[in-house]
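Visitor: Chain by chain, the residues run as shown.
Protein chains: 2
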Amino acid sequence: MSDSLTNGESDVSLFDGSILKELDFSECLATYKPTISHTSPGENLIMRPLQLSDYEKGYMKLLTHLTVVGDVTKKEFEDRFCKMRGCADSYYVVVVEDTSVGKVIGSVTLAVEQKFIRQCSSRARVEDVVVDDEYRGKQLGKLLLDVAMLLSKKIGCYKVSLECKDKLVPFYEQFGYVAGEQNYMV
Amino acid sequence: MSDSLTNGESDVSLFDGSILKELDFSECLATYKPTISHTSPGENLIMRPLQLSDYEKGYMKLLTHLTVVGDVTKKEFEDRFCKMRGCADSYYVVVVEDTSVGKVIGSVTLAVEQKFIRQCSSRARVEDVVVDDEYRGKQLGKLLLDVAMLLSKKIGCYKVSLECKDKLVPFYEQFGYVAGEQNYMV
Chain B
1 MSDSLTNGES DVSLFDGSIL KELDFSECLA TYKPTISHTS PGENLIMRPL
51 QLSDYEKGYM KLLTHLTVVG DVTKKEFEDR FCKMRGCADS YYVVVVEDTS
101 VGKVIGSVTL AVEQKFIRQC SSRARVEDVV VDDEYRGKQL GKLLLDVAML
151 LSKKIGCYKV SLECKDKLVP FYEQFGYVAG EQNYMV
Chain W
1 MSDSLTNGES DVSLFDGSIL KELDFSECLA TYKPTISHTS PGENLIMRPL
51 QLSDYEKGYM KLLTHLTVVG DVTKKEFEDR FCKMRGCADS YYVVVVEDTS
101 VGKVIGSVTL AVEQKFIRQC SSRARVEDVV VDDEYRGKQL GKLLLDVAML
151 LSKKIGCYKV SLECKDKLVP FYEQFGYVAG EQNYMV
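Those sequence lines, one after another, are chains B and W.
Okay, so the first sequence: first residue is 1 according to UniProt numbering, each after it adds one.
Okay, so the second sequence: first residue is 1 according to UniProt numbering, each after it adds one.
Note that these hints are calculated values from the structure, not bench results.
One thing to keep in mind: the hints can contain errors.
The list cannot tell twin chains apart, which means a pair is met if one copy fits it or any two copies do.
Distance condition first, Cα-Cα at most 27 Å in a straight line; then the derived BS3-like pairs of lysine-lysine [what the hints assert, rightly or not]:
1) Lys-153 x Lys-165
2) Lys-154 x Lys-83
3) Lys-154 x Lys-74
4) Lys-74 x Lys-159
Isolated chain B (complex conformation) (with noise of 0.2 Å):
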């Protein structure tokens, strides 16, 4: 790591924190059974930016609960990692850590694109949404998508977006996600 990056800090984050303590959860509140939020998501759960230690806190083996992840070296999370945080404005990877362990058990990204249309605006994607299997039915899979369509608002982004297996679809439905008028193609 580059000195002007770590700057005598202990841990560089891939974007400002403030911008989560920032997110008005208000209108989420009531949807959560017993009552959690981005700022307490539970018993020694904390929610805050990726950070470059997440590479021993197992943030890279949480991914593999999603897809192929492959043998990624330090010196290649490090080097995504800063060519991520070097795009202003762009990735936002949202982690839930659990402190007592020490432990990455919860993520979403959200990957923002800068556009010409809509006044030189910039429309947001939801991805790579993965809770850690030990820690299902504490509602941390919503609170993570709630966090990102905050996010995208707060950023002012004019429209956000996800793909989805045909089972997940009534999931995502009830964030207020409908069927897009485009098709999805590869």
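Given chain B, put chain W in place with the hints provided.
Guide: For chain W alone, kept in the frame of chain B given last:
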């Protein structure tokens, strides 16, 4: 514009245009009648990266064929251009210019998202494909799509996708795109 960016040059490209010249178009050539390519797209036409001066060459007006654009000032265009340019390996806006009239008449955007998954790979999305009505029937939409696909391979993306309306599904199927197993939700 900052001097460091313009650097005394008369214009600035969004990305290094040499990557376009390096594309291997041989697998596509036979699908064009008459034959055109990214290096010779037609009489008086050139294909190249978006440039700062394309604001004056009608780039924003071209985008109005797609969707709401709004009244974007030169300064707003430049700011957005610089923000995209500052994100390494992320925004490839390719345009076709009719040099006989100094006008941008076609464009495609390949937007690349950096990922941690898949060995810190990246995925590409084809966005904002547009050809001026007056230049229809010249295979330019197809050419822009082929170039976007070849670019995504050249960059090493593990996946390239796009979203399209129902009526365009057969069009994109010609290019090898298939309806994804995922649902697109907004």
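Visitor: Check Lys-154 against Lys-83 for me: Cα-Cα at most 27 Å, and say if that holds within a copy, between copies, both or neither.
Guide: Classified as both; 23 Å inside a copy, 19 Å across copies.
Visitor: At 27 Å max between alpha carbons, let me know whether Lys-74 reaches Lys-159 within a copy, between copies, both or neither.
Guide: between (34 Å within a copy, 24 Å between copies)
Visitor: From the Cα coordinates, with 27 Å as the cut-off, is the pair Lys-154 and Lys-74 best called within, between, both, or neither?
Guide: between (32 Å within a copy, 26 Å between copies)
Visitor: At most 27 Å between C-alpha atoms: does Lys-153 with Lys-165 qualify within a copy, between copies, both, or neither?
Guide: both (24 Å within a copy, 25 Å between copies)
Consistency with the previously given hints is maintained throughout, with no hint failing.
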